[in-house]
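**Q** Sequence:
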Amino acid sequence: MAQTQPVKGNPWFAVGNKLGDRTLAQQMEGLDRLFAEVEGKTVLDVGCAEGLISIELAKSGADVHGYEIRTQAVKDAKAAAQRLKVDVSNRRHDDSTMVPGAVSFAETDANTFTPNIDYDIVIMLAVLHKLKNPTAACARIVAHALDLVVIRLPPEHAPTIIDDRSGNEPHHIGTTMEKCGFVLEHAACDGPFGEWVGYYRRVRA
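Numbering (our numbering), first residue to last: 1 to 205.
Be aware that one or more of the hints could be misleading.
For lysine-lysine, the following BS3-like pairs were computed, each having C-alpha atoms within a straight-line distance of at most 30 Å [as the list claims (entries may be wrong)]:
| # | residue 1 | residue 2 |
| --- | --- | --- |
| 1 | K132 | K85 |
| 2 | K75 | K59 |
| 3 | K75 | K132 |
| 4 | K179 | K132 |
| 5 | K78 | K179 |
| 6 | K75 | K85 |
| 7 | K130 | K179 |
| 8 | K85 | K59 |
| 9 | K59 | K78 |
| 10 | K78 | K132 |
| 11 | K78 | K130 |
Simulated DEER-style distance windows between Cβ atoms [to be verified]:
| # | residue 1 | residue 2 | range |
| --- | --- | --- | --- |
| 12 | C189 | L24 | 18 to 26 Å |
| 13 | F35 | M98 | 12 to 20 Å |
| 14 | N133 | E178 | 28 to 36 Å |
| 15 | E29 | R201 | 35 to 43 Å |
| 16 | D164 | R83 | 35 to 43 Å |
| 17 | N111 | P155 | 19 to 27 Å |
| 18 | H172 | H144 | 16 to 24 Å |
| 19 | D87 | D32 | 37 to 45 Å |
| 20 | E39 | N133 | 18 to 26 Å |
| 21 | L24 | A106 | 17 to 25 Å |
| 22 | G40 | A136 | 15 to 23 Å |
FYI, nobody ran anything at the bench for these hints, they're computed from the structure.
A virtual CB, placed ideally from N, CA and C, is assigned to each residue, including glycine.
Construct all of the structure, not just a fragment, from the sequences and the given hints.
**A** Here is the structure:
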């Protein structure tokens, strides 16, 4: 039975026999536009949790680099990819060689993370509002997005984040994306539990 609300303290995803706060089917909500164009693209997944979205993107023909702060989640992500028979790449994450259908996972802190290479698509699902400085992190990360950025936020933070974890200061993600050269292509509260999902496209000269 699908859960109706997140369970605080549980892993983000239900993986194997571990109870998570939401199912893969719930996490896929609002991502149809993303999956429609990932084939043959490089994807950066910041805050990938137990890796199930990254794995699904790889199964759709993308080359995915997933980053997550929690050591156990990275281990679970690698194990899940092997169990689901997805190519688990051991490449360094500064290797820009395109490998369709591959996924790799590494540990990092999104508060300070700067990508080493550029990606066709960057996704940040339910992560920005948890950071100390969402504005700076967003700008630093999307500077390495060549085409599309997908951001998911709880509806109360869409798209301006005011959260006690970031000092209750307003962080205008929409304005930040515009300054970084992106236009909002589509937005709706169609993620799991009514979460806001925004699709930003880089403006072409």
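**Q** Hint by hint, note whether the structure agrees.
**A** Each hint tested on the structure:
1. K132 x K85: violated, 36 Å
2. K75 x K59: holds, 19 Å
3. K75 x K132: holds, 25 Å
4. K179 x K132: Holds, at about 20 Å.
5. K78 x K179: With a Cα-Cα distance of about 35 Å, the restraint between K78 and K179 is violated, given a limit of 30 Å.
6. K75 x K85: holds, 16 Å
7. K130 x K179: This hinted pair holds, its Cα atoms lying about 22 Å apart.
8. K85 x K59: holds, 10 Å
9. K59 x K78: holds, 14 Å
10. K78 x K132: holds, 27 Å
11. K78 x K130: holds, 24 Å
12. C189 x L24: 18 to 26 Å: holds, 20 Å
13. F35 x M98: 12 to 20 Å: holds, 18 Å
14. N133 x E178: 28 to 36 Å: violated, 18 Å
15. E29 x R201: 35 to 43 Å: violated, 21 Å
16. D164 x R83: 35 to 43 Å: Distance hint for D164, R83 holds at roughly 37 Å.
17. N111 x P155: 19 to 27 Å: holds, 23 Å
18. H172 x H144: 16 to 24 Å: With Cβ atoms ~21 Å apart, the hint holds.
19. D87 x D32: 37 to 45 Å: With a Cβ separation near 24 Å, D87 and D32 fall outside 37 to 45 Å, so the hint is violated.
20. E39 x N133: 18 to 26 Å: violated, 34 Å
21. L24 x A106: 17 to 25 Å: Since the Cβ atoms of L24 and A106 sit about 21 Å apart, the hinted range of 17 to 25 Å holds.
22. G40 x A136: 15 to 23 Å: violated, 31 Å
Violated hints, in rising order: 1, 5, 14, 15, 19, 20 and 22; the structure is consistent with all others.
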